[in-house]
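**Q** Given next are the chains, with one letter for each unit.
2 protein chains.
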Amino acid sequence: MSGDMANSSAGKVLLTGDRPSGKLHLGHYVGSLQNRVLLQHQYSSYIMIADVQALTDNFERPDLIRESIYEVASDYLSVGIDPNIAVIYIQSQVPEITELTIYYMNLVTLARLERNPTVKAELAQKGMTTSIPVGFLCYPINQAADITAFEAEIVPAGDDQQPMIEQTNEIVRSFNRTYNVSLLKECQALIGKAGRLPGIDGKGKASKSLNNAIYLSDAQNVVEEKVMAMYTDPDHLKVTDPGKVAGNVVFSYLQAFHDDKEELRDLENHYARGGLGDVTLKGILLKDLEALLGPIRAKRAQISKDFVLDVLRTGSKKAQTKAAETLARVRSAIGIDYFA
Amino acid sequence: MSGDMANSSAGKVLLTGDRPSGKLHLGHYVGSLQNRVLLQHQYSSYIMIADVQALTDNFERPDLIRESIYEVASDYLSVGIDPNIAVIYIQSQVPEITELTIYYMNLVTLARLERNPTVKAELAQKGMTTSIPVGFLCYPINQAADITAFEAEIVPAGDDQQPMIEQTNEIVRSFNRTYNVSLLKECQALIGKAGRLPGIDGKGKASKSLNNAIYLSDAQNVVEEKVMAMYTDPDHLKVTDPGKVAGNVVFSYLQAFHDDKEELRDLENHYARGGLGDVTLKGILLKDLEALLGPIRAKRAQISKDFVLDVLRTGSKKAQTKAAETLARVRSAIGIDYFA
Numbered sequence: 001m002s003g004d005m006a007n008s009s010a011g012k013v014l015l016t017g018d019r020p021s022g023k024l025h026l027g028h029y030v031g032s033l034q035n036r037v038l039l040q041h042q043y044s045s046y047i048m049i050a051d052v053q054a055l056t057d058n059f060e061r062p063d064l065i066r067e068s069i070y071e072v073a074s075d076y077l078s079v080g081i082d083p084n085i086a087v088i089y090i091q092s093q094v095p096e097i098t099e100l101t102i103y104y105m106n107l108v109t110l111a112r113l114e115r116n117p118t119v120k121a122e123l124a125q126k127g128m129t130t131s132i133p134v135g136f137l138c139y140p141i142n143q144a145a146d147i148t149a150f151e152a153e154i155v156p157a158g159d160d161q162q163p164m165i166e167q168t169n170e171i172v173r174s175f176n177r178t179y180n181v182s183l184l185k186e187c188q189a190l191i192g193k194a195g196r197l198p199g200i201d202g203k204g205k206a207s208k209s210l211n212n213a214i215y216l217s218d219a220q221n222v223v224e225e226k227v228m229a230m231y232t233d234p235d236h237l238k239v240t241d242p243g244k245v246a247g248n249v250v251f252s253y254l255q256a257f258h259d260d261k262e263e264l265r266d267l268e269n270h271y272a273r274g275g276l277g278d279v280t281l282k283g284i285l286l287k288d289l290e291a292l293l294g295p296i297r298a299k300r301a302q303i304s305k306d307f308v309l310d311v312l313r314t315g316s317k318k319a320q321t322k323a324a325e326t327l328a329r330v331r332s333a334i335g336i337d338y339f340a
Numbered sequence: 001m002s003g004d005m006a007n008s009s010a011g012k013v014l015l016t017g018d019r020p021s022g023k024l025h026l027g028h029y030v031g032s033l034q035n036r037v038l039l040q041h042q043y044s045s046y047i048m049i050a051d052v053q054a055l056t057d058n059f060e061r062p063d064l065i066r067e068s069i070y071e072v073a074s075d076y077l078s079v080g081i082d083p084n085i086a087v088i089y090i091q092s093q094v095p096e097i098t099e100l101t102i103y104y105m106n107l108v109t110l111a112r113l114e115r116n117p118t119v120k121a122e123l124a125q126k127g128m129t130t131s132i133p134v135g136f137l138c139y140p141i142n143q144a145a146d147i148t149a150f151e152a153e154i155v156p157a158g159d160d161q162q163p164m165i166e167q168t169n170e171i172v173r174s175f176n177r178t179y180n181v182s183l184l185k186e187c188q189a190l191i192g193k194a195g196r197l198p199g200i201d202g203k204g205k206a207s208k209s210l211n212n213a214i215y216l217s218d219a220q221n222v223v224e225e226k227v228m229a230m231y232t233d234p235d236h237l238k239v240t241d242p243g244k245v246a247g248n249v250v251f252s253y254l255q256a257f258h259d260d261k262e263e264l265r266d267l268e269n270h271y272a273r274g275g276l277g278d279v280t281l282k283g284i285l286l287k288d289l290e291a292l293l294g295p296i297r298a299k300r301a302q303i304s305k306d307f308v309l310d311v312l313r314t315g316s317k318k319a320q321t322k323a324a325e326t327l328a329r330v331r332s333a334i335g336i337d338y339f340a
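Order-wise, the sequence lines are chains A and B.
Be aware that the first sequence starts at 1, since it is given in the numbering used here, and climbs by one per residue.
Be aware that the second sequence starts at 1, since it is given in the numbering used here, and climbs by one per residue.
For the record, the hints were derived by calculation from the structure and aren't laboratory data.
You can't tell identical chains apart in this list, so a pair holds if it fits in one copy or across any two.
In silico SDA-like links for lysine to any residue, alpha-carbon gap of 25 Å or less:
| hint | residue 1 | residue 2 |
| --- | --- | --- |
| 1 | K208 | K226 |
| 2 | K208 | L77 |
| 3 | K23 | G335 |
| 4 | K185 | E60 |
| 5 | K126 | G335 |
| 6 | K120 | T130 |
Same shape as in the complex, but just chain A (with noise of 0.2 Å):
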């Protein structure tokens, strides 16, 4: 079938995705985007635009998630993600998953789910201390379900999801015990450099939440506002001044996008004895930016929605051909493959 295709291609099956809750940003390219495109020559790559697990936290927000997910899909489109190498999918329109979810929810405990570091530091960041919805505290089993679903192997990640990791590789333990198989695979993360873009206004990551990103989707008009209104030293206020640059989000960007390292260093110390101008630096850093996302914006201007769509439904299909392989496999291990 369809599905195998994407697997023949290589030896290991790659899972990543995001959650569709707003247009993807510089921080997203630096953090995953340009590590996927590299990996998907790597691994089988299946990528999800995750929309249920969207839900658990947006589920009165749909017209958001049903937005984004055209929007994350351009961008990955644009930054060159091949449909034809990888696998881009809905995980709504992967039922099978829900099945492996409600199955694997009996091999969790509550307790176990309440001590995930990873789902506790969200909770307190949402303010959901004391009323957790039950589908938001119980994604890191529907986690499990999406790298199990696809046998993947390799998961990238940030150091905060590695409890989400160790979680799925015990759903996977219990069940390969529980029904005596040695079916489902265990997986491993695969760590990325620390590749965080601050918020051009200097306060935390770049986030949609807080809207201090630069999109892969901002025209040049905006790009060029948005670096110009960028945070750097408020005491450099003269260009003969000495200026820091731990803190400078004109900095942090250039060491993110520059690639004359050389160069960058020169200017880091040209900075730091003053009579380096913060408009000269923006300058340099709105040319490297332009560099990276004049492409982007052009490949985008050639992707047609029909285009975009008919990648998710053939990508979808894909992944539930393969879902629905796994899921098969996963019945007839617990027994209730009755009419097979």
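Following the hints, complete the assembly by docking chain B onto the known chain A.
**A** Relative to the frame of chain A, chain B by itself:
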């Protein structure tokens, strides 16, 4: 479609069923089966063999569940549930229910689940107070999916299941309000007469786990042995001794199965004042039970394994057709029907 056939036969939909964790016994007959045989003519009935729910507290005993499905279905057919009128189906063969469950999980808080008195009592009974499987904790949400999938408005239930109905209706209202639809239907419990039978040992109610029940599939000699072993009045040593009616299991069964209530009153009085022996009394009960179980046994003998499997396959398909219609509307209401 074939699923509509059941719908058109009556106005309202009724949902009921059993966890397949053993054969059905006289307690089930008095408590629900007897009633279902009548209700199938009044409501469009869906009768579910709840294997997914049985897995929540028997996940390590799938063989028991697998075997019990055939037994329970045979019990249904033997007592007179007509597969041409009622839809008999296996829960796991309607995966749409798991998908509904996942979406409903976003609408229920952990605190709300932990407050459910039925779940609390069951957890205590099973000794699962410290190590609660998430699947078990969430089964009321799964039940809400069962009920709403078929637009059931009538749910036969014991008093102790009233909290389940309330949980379902809360989800129904929350879903309709959140997605601004009037899609899901509230349901009501149809509280039956409190027809619980005690176990033959007089220790609590008849139950599979205590092995103190008379099964609908028991052979005549087994029924005879069980009746002869029934707990009566331990102080009723000689026939001439006065005997106690209260707490006497034989009288509990006669109250359930002896049709001539006037004659029963006479027997009770005779036993109380002395002169009526246990063996005579048990002979009367045995005749009553055989009048019921004889035809059930005869019917079971006519039912082939293939026929039972065919009923389950056909019923599960009908149920799936109906549940898929509901799910399509639910997905559309949430707005995740991207390719529809």
